[in-house]
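With the hints as your guide, set chain B onto chain A.
Protein sequence lines, in the order shown, are assigned to chains A and B.
Counting along the first sequence from 1, when you hit position 192 you're at 192 in our numbering, and nothing is skipped either side.
Counting along the second sequence from 1, when you hit position 89 you're at 89 in our numbering, and nothing is skipped either side.
If you are wondering where the hints come from, they were derived from the structure by calculation, not from laboratory data.
Quick caveat: nothing in here was measured; it's all calculated off a predicted structure.
Beta carbons: idealized from backbone N, C-alpha and C, even for Gly.
Certain hints may be false.
Chain A is faced by these chain B residues, among others (derived, beta-carbon under 7 Å) [stated by the list, open to error]:
#	residue
1	Trp41
2	Gly42
3	Phe44
4	Leu85
5	Ala105
6	Ser117
7	Thr197
8	Val204
9	Gly228
10	Val229
11	Cys237
12	Ile239
13	Ile241
14	Ala242
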Amino acid sequence: MSSAAVTTASASPTTNAGKSILARLGAAFVGRLVIIIPYVWLLFFFLIPFVIVFKISLSQTAIAIPPYTPALDFSGGVSGFLAQLKQLSLDNYAWLTQDALYFNAYVTSVIIAAVSTVLTLLVGYPIAYGMARAPATIRPTLLMLVILPFWTSFLIRVYAWIGILKPEGLLNQLLLATGVIHQPLIILNTYTAIFIGIVYSYLPFMVLPLYSALEKMDYSLIEAAKDLGCPPTSAFWKITFPLSLPGVIAGCLLVFIPAVGEFVIPDLLGGSQTLMIGKTLWNEFFANRDWPVSSAVAVILLLLLIVPIMLFQRAQARAQEMDR
Amino acid sequence: MNATWSRFNITSIVLGFAFLYLPIVLLIVFSFNESKLVTVWGGFSTKWYVSLFHNQGLMDATWVTARVGLISATVATVLGTLAALTLTRYTRFKGRVLFSGMVFAPLVMPEVITGLSLLLLFVAVGLDRGFLTVTLAHITLTMCFVAVVVQSRLMTFDRSLEEAAMDLGATPVKTFFQITLPVIMPAIVSGWMLAFTLSLDDLVIASFTSGPGATTLPMKIYSQVRLGVTPEINAACTILIAVVAIGVIIASLANKRREVQRQLDEQAAQRG
Numbered sequence: 001m002s003s004a005a006v007t008t009a010s011a012s013p014t015t016n017a018g019k020s021i022l023a024r025l026g027a028a029f030v031g032r033l034v035i036i037i038p039y040v041w042l043l044f045f046f047l048i049p050f051v052i053v054f055k056i057s058l059s060q061t062a063i064a065i066p067p068y069t070p071a072l073d074f075s076g077g078v079s080g081f082l083a084q085l086k087q088l089s090l091d092n093y094a095w096l097t098q099d100a101l102y103f104n105a106y107v108t109s110v111i112i113a114a115v116s117t118v119l120t121l122l123v124g125y126p127i128a129y130g131m132a133r134a135p136a137t138i139r140p141t142l143l144m145l146v147i148l149p150f151w152t153s154f155l156i157r158v159y160a161w162i163g164i165l166k167p168e169g170l171l172n173q174l175l176l177a178t179g180v181i182h183q184p185l186i187i188l189n190t191y192t193a194i195f196i197g198i199v200y201s202y203l204p205f206m207v208l209p210l211y212s213a214l215e216k217m218d219y220s221l222i223e224a225a226k227d228l229g230c231p232p233t234s235a236f237w238k239i240t241f242p243l244s245l246p247g248v249i250a251g252c253l254l255v256f257i258p259a260v261g262e263f264v265i266p267d268l269l270g271g272s273q274t275l276m277i278g279k280t281l282w283n284e285f286f287a288n289r290d291w292p293v294s295s296a297v298a299v300i301l302l303l304l305l306i307v308p309i310m311l312f313q314r315a316q317a318r319a320q321e322m323d324r
Numbered sequence: 001m002n003a004t005w006s007r008f009n010i011t012s013i014v015l016g017f018a019f020l021y022l023p024i025v026l027l028i029v030f031s032f033n034e035s036k037l038v039t040v041w042g043g044f045s046t047k048w049y050v051s052l053f054h055n056q057g058l059m060d061a062t063w064v065t066a067r068v069g070l071i072s073a074t075v076a077t078v079l080g081t082l083a084a085l086t087l088t089r090y091t092r093f094k095g096r097v098l099f100s101g102m103v104f105a106p107l108v109m110p111e112v113i114t115g116l117s118l119l120l121l122f123v124a125v126g127l128d129r130g131f132l133t134v135t136l137a138h139i140t141l142t143m144c145f146v147a148v149v150v151q152s153r154l155m156t157f158d159r160s161l162e163e164a165a166m167d168l169g170a171t172p173v174k175t176f177f178q179i180t181l182p183v184i185m186p187a188i189v190s191g192w193m194l195a196f197t198l199s200l201d202d203l204v205i206a207s208f209t210s211g212p213g214a215t216t217l218p219m220k221i222y223s224q225v226r227l228g229v230t231p232e233i234n235a236a237c238t239i240l241i242a243v244v245a246i247g248v249i250i251a252s253l254a255n256k257r258r259e260v261q262r263q264l265d266e267q268a269a270q271r272g
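Just chain A, same shape as in the assembly:
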């Protein structure tokens, strides 16, 4: 409730002066709480953890519980704090540059995410366009059908593809039976399987923003272009695509950012050979129990994604302004 509304309520003539002050104070307090509770929660559970990740990425691995040397512990007073400051090191970051594995994992992840984003856009655009041009009566049903798979478990949807893509899986059975191929295709545990998995899992994230951009479009523009002799393809590139650009950007960011750090898909569909940074971080943490190095991996990954995340933020804010 805005402060203007609060004053209207408390200044209403039916309340006497003393009650009005109390009511105003109470309302102002409640109003503050609306902001403070979620704010404090997010500060504590979202922002502070990142500071801790950064702190631990500067500490040393140790055989202890938890498995790292304490860094920046304030219990030792100023002198103890200064002594600890000297112990902080960039060793973990140096380690990341020495082993080509990490560099390769970052580059591979970004490339895989970028390629899958483009593929998802290519698959998603015709679907979103078809939905936006569908008769208005069936559009809510179509929208529901796109959202519905999103409600079923991500893990299950990825798992379902294992049975399809396996060498003796359903896809190979079908292709062998119809005589298209004579040798089973090896798809599972390759990058192809990762692309299929990402496109499949993230498709609703692409289709929904595209649809909402395309649905708002004024199709009389296309008819006008047609009347003036513009061929359909160039009408698409000159009118439809530019007008759907906000949806394209939102959809691509919604797919690209989480895909870079994806763990489940490369792990289940990509096999042990594939190198992606989400999997590397997971292995550092769970298999090697090297918390400082996995923290350093996370910090670099976050730095890599900070620009796309800020772009996403700005796109969200702009969409909000437009709705207002």
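Just chain B now, kept in the frame of chain A:
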């Protein structure tokens, strides 16, 4: 509009939906497979469902997941609604940019980062990993999704209703509970359901923040999938899909009934 819905449009929708649904349909079909080989059809059988209910580890994990989901979705709905109110109603206060950043960033943040950072927080404050830590982690993740869903409803909310109530002497708190809350209720309900499914679904964050005795269903499924694909997992997945599908159907039916009721009320009001 109908004339422009070309054959191309229809084909792309049909193919797109086939792509989205076929894997799920196949998964369900093969959960009723007699054969142990997941991809070879050996006749109809429900034996995997029977063996599922005798799998104590899986049943325990289901119970943990249900409790984590119910608690975290409920708390996240309250926090997310407050966050949505903050975002739409308080357009200027100190740190608003930071606040909206903290609401939107978790939506796209890779799960490995969120999971690791929350775990390190819990270790730093000396909280033992287990049921509580998974629940706290899920609240943090899902409240942002609730906030976005509720916020989009609040955007289109007619503020004059609230002003009218307050002009008639209702306090802001009373106005919120009697006017605002009933209007945004459908969004809050779908926010809750989204939070619940996200919690039910999450593997990565739960793996980081959970401890002994608090293994969730996705963690259990994941560890079994790593050992090999079995029809029992298909059966577990099918039940999970059925539960969610029934929930979605009930919610949409309830929504429709409310809509019909509202129209009847409006007609009655017009007749006077």
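Each hint tested on the structure:
1. Trp41: Cβ of Trp41 of chain B sits 10 Å from chain A, so the hint is violated.
2. Gly42: With Cβ-Cβ at 14 Å, over 7 Å, it is violated.
3. Phe44: violated, 18 Å
4. Leu85: Given a least distance of 5 Å, the restraint on Leu85 of chain B holds.
5. Ala105: Hint on Ala105 of chain B: holds, closest Cβ of chain A at ~6 Å, below 7 Å.
6. Ser117: holds, 3 Å
7. Thr197: holds, 5 Å
8. Val204: holds, 5 Å
9. Gly228: violated, 10 Å
10. Val229: Since chain A brings a Cβ to about 6 Å from Val229 of chain B, closer than 7 Å, the hint holds.
11. Cys237: holds, 4 Å
12. Ile239: violated, 11 Å
13. Ile241: holds, 5 Å
14. Ala242: violated, 10 Å
Of the numbered hints listed earlier, those contradicted by the structure are 1, 2, 3, 9, 12 and 14.
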